[in-house]
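As given, the protein sequences belong to chains A and B, one line each in that order.
Counted from 1, the first sequence has number 384 at position 384 by full-length UniProt numbering; the numbering is strictly sequential.
Counted from 1, the second sequence has number 233 at position 233 by full-length UniProt numbering; the numbering is strictly sequential.
Think of the hints as simulated: they come from the structure by calculation, not from any bench.
In this text the structure is predicted, and so the values were computed from the model without any measurement.
Errors might be hidden in some of the hints.
To be verified - Pair ranges (Cβ atoms, derived): (1) E137(B) x G125(A): 39 to 45 Å; (2) S302(A) x A120(B): 50 to 56 Å; (3) P227(B) x P217(A): 47 to 53 Å; (4) A61(B) x G438(A): 51 to 57 Å; (5) E22(A) x G242(B): 51 to 57 Å.
C-beta atoms are modelled at their ideal positions from N, C-alpha and C, and glycine is treated no differently.
Number of protein chains: 2
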Amino acid sequence: MADLIEALREGLPPEALVDDPEVMAAYGSDMAGFCPAGAPAVVVLPRTVEQVQHVMRTATATRTPVVAQGARTGLSGAANASDGCIVLSLVKMDRILEINPVDRIAVVEPGVVNATLSRAVAEQGLFYPPDPSSWEECTIGGNIGTASGGLCCVKYGVTAEYVLGLEVVLADGRLLTTGRRTAKGVAGYDLTRLMVGSEGSLGIVVRAVLALRPEPPRPLVLAAEFPSAQAACDAVCRIMEGGHVPSLLELMDRTTLRAVNDMTRMGLPESTEALLLAAFDTADPAADLRAVGELCTAAGASEVVPAEDAAESEMLLQARRSALVALERVKGTTMIDDVCVPRSRLGEMLDGVAEIAEKHDLTIGVCAHAGDGNTHPTVCFDASDPQESARARVSFDEIMGLGLELGGTITGEHGVGVLKKDWLAQEVGPVSLELHRGIKQAFDPLGLLNPGKLF
Amino acid sequence: MADLIEALREGLPPEALVDDPEVMAAYGSDMAGFCPAGAPAVVVLPRTVEQVQHVMRTATATRTPVVAQGARTGLSGAANASDGCIVLSLVKMDRILEINPVDRIAVVEPGVVNATLSRAVAEQGLFYPPDPSSWEECTIGGNIGTASGGLCCVKYGVTAEYVLGLEVVLADGRLLTTGRRTAKGVAGYDLTRLMVGSEGSLGIVVRAVLALRPEPPRPLVLAAEFPSAQAACDAVCRIMEGGHVPSLLELMDRTTLRAVNDMTRMGLPESTEALLLAAFDTADPAADLRAVGELCTAAGASEVVPAEDAAESEMLLQARRSALVALERVKGTTMIDDVCVPRSRLGEMLDGVAEIAEKHDLTIGVCAHAGDGNTHPTVCFDASDPQESARARVSFDEIMGLGLELGGTITGEHGVGVLKKDWLAQEVGPVSLELHRGIKQAFDPLGLLNPGKLF
């Protein structure tokens, strides 16, 4: 280990290397529960591509595993340290290198915080859509590693759709350039997209060319109360079938609404079974909200309240954004699932989750990117109660099983990491898994990059 | 060879197998020039997934190369037969299996013609955007294999962005399922996207889940005449920088305009150096056209003519769609390049192409998906004149070199195939190429799938 640190020191400035165990402890894990984390041998915080290359060459020479990290806001344990590994934190590589309004691209280092980029491009009338709930903290590199989603996906898609090209340091330290700066490009295999969502298992992203859009008008939001989750899901289907393109279509169940009220005193309606939020950032959002409001009423909404202005809209979105934190306070600990089903099956999914909660005598709050069919059933439990914890873990798995039964996926946007590793095989099957291993072998023959994650 | 055909016959109905050399000759090549094509041992036209699996198992057992084909409208030679190969034509697998307006997806077999799908989904108020010029003939399987673009990409993106999931028969006959039916999904490596644009080198796509959008309003088109290509490109930059989102932004140079007039008697303005077509399918397209018209005037347009109705708009688009066929008539043969540059460099690209044409005393007509920076410099030459042919080939290469110099890619939407194989290495470099080979090895260890293409 002394040799490893000595070798790393040769190509890194002193402040880029941390081996104090107490400081290192802070780099152990991301925000997922139930995921084992080891003790790193060393934490490095490079500032240049060359320094990352030096780290990877050293890792290869010493056969040391490397775990890449951004802001550690991930929810699958993908960024958890393994024993004796090098934790490679990219947070100091945080420069926005270029914003180009004609080409509608930004070129950034991986440590740039999502919100920092979003604000910087907004100043030039541009829009970087991907907006995970953790957007004030999470980094673009982490977003790319986990293929993050967010609230805007129903209209604007996920991180993957905004990554045009990458620079990647491979396991052996060589630099790979993928993709392009152009609007289109089909030269060779799509290695860019292969990297997105690969959770640090194929290489270290050190630079990204991102696509931007022109900034849309500010959205207006409508809130609709439903007597059942089923009715709210019916409204979602009617809205999408009706050809509407909301910029956000979110659902919160009663458990979630209560939790948000308890935390924020926002006065959300607690007697309702499900609240749907729909937003439009179109030229005439009020007209869109009227049309969608009528569909909600037809689906059985007891109350439909369009926000009158941007401030009221922002308050409603704030309620949704605080849902996960609020649910954490219910019983001290949560396990957040991330199952995505075809939106036509959303009602069945929510009914099934309610059954699972009842069967195991658990509180499971559900919020969902309803327009995407992407649910976040959040198991609330007391971690000091081993029996309840065990039931939480079982219910978490049952929720994934239900998602697969309904033609869905175990993860819509959080990734596989450690948490869902056993389930990946079940979702993709043995043929796909064999190809995953073959690809991994091509990129990382020594198996040094984030071992033990994904598959 | 008799053994091969006998083995194939065991799992295929008689009509699915063609070994008459005269009939087989029709399956030799796609629409690219300058690409060698071999003589297939046999052509098979399966109708089921099981039949494709039988073909691939037989190919593996007999070590026979397999070349997948759709409508053979490709422009890179990717679908050209190699000597002794099995040509695997997917055109008989042409069923639309599902169109789901709530989930906004279609599930199709690979032989479905692009226009057939587009019309079928339009009947349900839905929209499948990718629209290659050959859309009346080309198949979805071919579009996926080559990652096709089209006229709509500037707003709606390319084929890749509409492929959610695939079923793929691997080289050894096993069935791989990739991706999802859901709006989002990040479980494992993005094998779906890896397949898109892989030109039949990794597996045989036998089923695709495609994303659909709600059908937009019918577009209105504006035509603007410019005294120079440079001024037209300046207008393109102003339009995109101004935050406009045209559904089409196309450029035709004087050579192209003349060729179209000669063929169609459309009466396009021949005295102008460049014609720009901009379309909007927004709620108020007339307002968008006014704003864009002003930007064109500011960039130096001599004439700005908004179409008054859908019929006039359609005529203008028809002119653009007939450009490549019209250019073919100029000297009998064309080589269509497909270089895509950042749109901010489009003016330099067109100037450079003009210089290359002059240097080699050649006629090179340029039409371009200008909003994407995707140019189609089309070298017009007399194939019976060996010297002119040689100069055409040299200029074709110089155009790709220029594209790379300007930060572009050798292919925006046509693919690599045989035509640009030597150039792929130049664009992506040796590290990327090594990874391409590793991926190929993981999918197709015997190298049976479309050998000699791509890299």
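Consistency of the hints with the structure:
1. E137(B) x G125(A): 39 to 45 Å: Because 41 Å falls inside the window, the suggested range holds.
2. S302(A) x A120(B): 50 to 56 Å: At 39 Å between Cβs, range violated.
3. P227(B) x P217(A): 47 to 53 Å: 36 Å, violated
4. A61(B) x G438(A): 51 to 57 Å: Between A61(B) and G438(A), where Cβ atoms are some 21 Å apart, the hint is violated.
5. E22(A) x G242(B): 51 to 57 Å: This hint holds: roughly 54 Å between Cβ atoms.
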